[in-house]
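Colleague: All chains, full assembly: derive it from the sequences and hints.
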Amino acid sequence: MIEKENTDSLNSLLEDYEKQKTIDAAADWEQLRKRITFDRNRRLFFNYLRNTAAILFPLFLVYQYALYPILNESRSTKETIMVTSAPGMVTKTILPDGSEVWLNALSSLTYPHRFTEKDRTVQLSGEAYFKVVSDKKHRFNVETPQKMVVSAYGTEFNVNAYASDNHYEVTLAKGNVEVYAKESPKQEILNVGEKAVINSLTGNISVSPADTYVETAWKDGKMVFRREKLDKIAEKLSRKFGVNIRLEGDRLKEYAYTATFTDETLEDILDLLKRSAPITYSISKQKQLNNETFTRREVIIKSQ
Amino acid sequence: MKERDAAFDHLFRKVVFQDDEQAFKELFFEFYPAMCVFAMRYIIQEEIARDVVQDVFFKIWKNRKNMDITTSFRNFLITSVRNGCTDYLRKKEVENRYMEESMLSAIHSSPEEPEEVFTLKELETTIDEALAKLPPNVREAFEMNRYKGMTYVTIADKMKVSPKTIEAYISKALKILRIELRDYLPFLLLFL
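Chains as they are written, first to last, in this note's numbering: chain A, 1 to 304; chain B, 1 to 192.
A couple of the hints might just be wrong.
[To be verified] For lysine-lysine, the following DSBU-like pairs were computed, each having C-alpha atoms within a straight-line distance of at most 30 Å:
| hint | chain 1 | residue 1 | chain 2 | residue 2 |
| --- | --- | --- | --- | --- |
| 1 | A | 34 | B | 62 |
| 2 | A | 118 | A | 131 |
| 3 | A | 253 | A | 229 |
| 4 | A | 34 | B | 164 |
| 5 | B | 65 | A | 34 |
| 6 | B | 133 | B | 164 |
| 7 | A | 21 | B | 121 |
| 8 | B | 59 | A | 34 |
| 9 | A | 302 | A | 253 |
| 10 | B | 121 | B | 65 |
| 11 | A | 34 | B | 14 |
| 12 | B | 14 | A | 21 |
| 13 | A | 186 | A | 147 |
Hints in this document: simulated from the structure, not taken from any laboratory. Just so we're clear, the structure is a prediction, and the values are computed from it rather than from any experiment.
Modeller: The structure is reproduced here in structure tokens:
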């Protein structure tokens with residue numbers, strides 16, 4: 001029994017030896033070597049990729065979150081937005097810095113898409129009431145077609161600068177502002193309740209006390225006149241109602257009125273004017289022009 | 001054996017610490033045939049057995065930096081190959097539930113039993129040495145019987161002795177070999 005097992009194990013040992021001799025280790029080594037080389041190259045390649053990514057990824061982040069917005073910003077500063085208010089309308093708009101602006105009828109305001117420069121500069125033609133968000137580092141400048149600049153940090157003021165007028169006004173409601181003409185070194189600092197009247201021809205600035213309620217009532221939809229001359233009233237009415245108003249006779253311009261209008265119609269107002277002074281008025285119908293547009297209605301005011 | 005294992009372990013340390021490909025190659029050539037034959041105890045198809053062993057060597061090279069070997073390299077290799085075979089059979093069992101099942105249970109039934117694997121060189125040396133101890137005519141008869149598959153009668157005819165003598169030669173050869181190779185035969189303790 002024992003003998004048999006020994007023979008068997010000897011036999012299997014010899015068989016093992018004979019089988020081992022038939023294995024071609026060299027050929028399989030060659031295969032294994034190739035596999036190891038391939039694996040190493042692949043690993044080197046992935047390491048290379050990973051290292052490249054490790055360098056490129058932060059660069060990408062820098063570009064995406066630092067460079068790109070800067071580039072984009074400089075691009076967008078050139079983009080400007082223009083808000084225009086139609087006759088008889090008051091338009092309210094909020095600027096990129098959060099400042100609020102009420103635009104009176106027939107006025108337009110141009111401002112950049114984003115404020116990126118040292119100063120916040122906007123262009124105004126017409127009349128607007130500004131409620132500027134305070135920012136000591138960035139002045140808020142309002143430029144008008146007549147080369148006037150109103151400069152402030154954070155305050156509330158009204159600018160009346162219709163291109164047709166040869167003088168314009170700045171009225172301060174809160175805080176303080178600086179008013180100057182672009183070419184002239186002369187400047188005025190306004191206090192609350194004062195208004196600056198600038199003559200666009202001479203560049204003269206005169207400061208006088210003002211009734212801020214009267215000056216800013218338009219933004220609440222009111223027309224307030226305090227001993228206002230008729231030609232001024234006519235101008236405001238024409239803007240409010242989108243009509244042309246012609247005054248016939250020089251004497252008319254001397255009439256002064258004190259009144260407050262809220263939602264009266266043009267006819268109501270004209271009737272009221274007629275009742276308090278010796279004037280008559282007539283309203284012409286709209287005329288159709290050849291290009292299929294219509295003219296404005298025309299109001300003619302005459303002295304009796 | 002002990003000294004040889006120490007030499008293998010030394011080579012393996014070179015692989016681990018110096019990324020010595022030459023040392024790895026030496027170990028491969030030393031153990032690859034033995035491991036293939038060992039794997040064929042579990043996987044009958046030689047091709048697959050060779051693939052499994054190649055895989056084991058590949059993984060050893062690849063993971064050499066993260067290996068923690070507490071035994072000799074030889075035992076580590078034996079365990080790795082056995083695990084490789086188990087993995088292969090298990091996968092195959094999933095693919096084909098009914099086949100090879102008995103093979104797998106055979107591995108499972110003797111999981112911790114120490115196995116002995118001798119490398120080609122070791123066997124070559126010891127078997128040659130053992131054969132050299134045989135009387136020349138005994139060795140001749142043994143080799144003719146073993147390697148050429150000749151029957152006793154044919155050998156007797158060739159050596160011009162009786163078949164009975166050949167039978168005596170062969171059993172003498174086996175007896176001497178059993179003694180000479182006793183360190184390599186697991187059951188030899190019983191022989192005393």
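Colleague: Each hint needs a verdict: does it hold in this structure or not?
Modeller: Going through the hints against the structure:
1. For a cut-off of 30 Å, the pair hint linking residue 34(A) to residue 62(B) stands: about 13 Å separates their Cα positions.
2. Under the criterion of a C-alpha separation no larger than 30 Å, the hint pairing residue 118(A) with residue 131(A) is consistent with the structure, at around 19 Å.
3. Simply put, residue 253(A) and residue 229(A) have alpha-carbon atoms about 6 Å apart, close enough for the 30 Å limit, and the pair holds.
4. Taking the CA atoms of residue 34(A) and residue 164(B), the gap is near 55 Å; set against the 30 Å cutoff, the hint is violated.
5. A hinted pair counts as satisfied when its Cα atoms are at most 30 Å apart, and residue 65(B) with residue 34(A) qualifies at roughly 20 Å.
6. A C-alpha spacing of about 22 Å is found between residue 133(B) and residue 164(B), which places the hinted pair at or below 30 Å, so the restraint holds.
7. Pair hint residue 21(A) plus residue 121(B) holds up; C-alpha atoms about 10 Å apart against a cutoff of 30 Å.
8. Between residue 59(B) and residue 34(A) the alpha-carbon distance is near 14 Å, which keeps this suggested pair within the 30 Å criterion.
9. With a C-alpha separation of about 11 Å, the suggested pair residue 302(A) and residue 253(A) falls inside the 30 Å cut-off, and the hint holds.
10. Proposed proximity of residue 121(B) and residue 65(B) is supported: the alpha carbons are some 28 Å apart, at most 30 Å.
11. A threshold of 30 Å between alpha carbons decides the hint, and for residue 34(A) with residue 14(B) the separation of about 21 Å falls inside it, so the pair holds.
12. Annotation: proposed proximity of residue 14(B) to residue 21(A) holds, straight-line Cα distance about 27 Å (limit 30 Å).
13. Taking the CA atoms of residue 186(A) and residue 147(A), the gap is about 13 Å. The hint holds against a cut of 30 Å.
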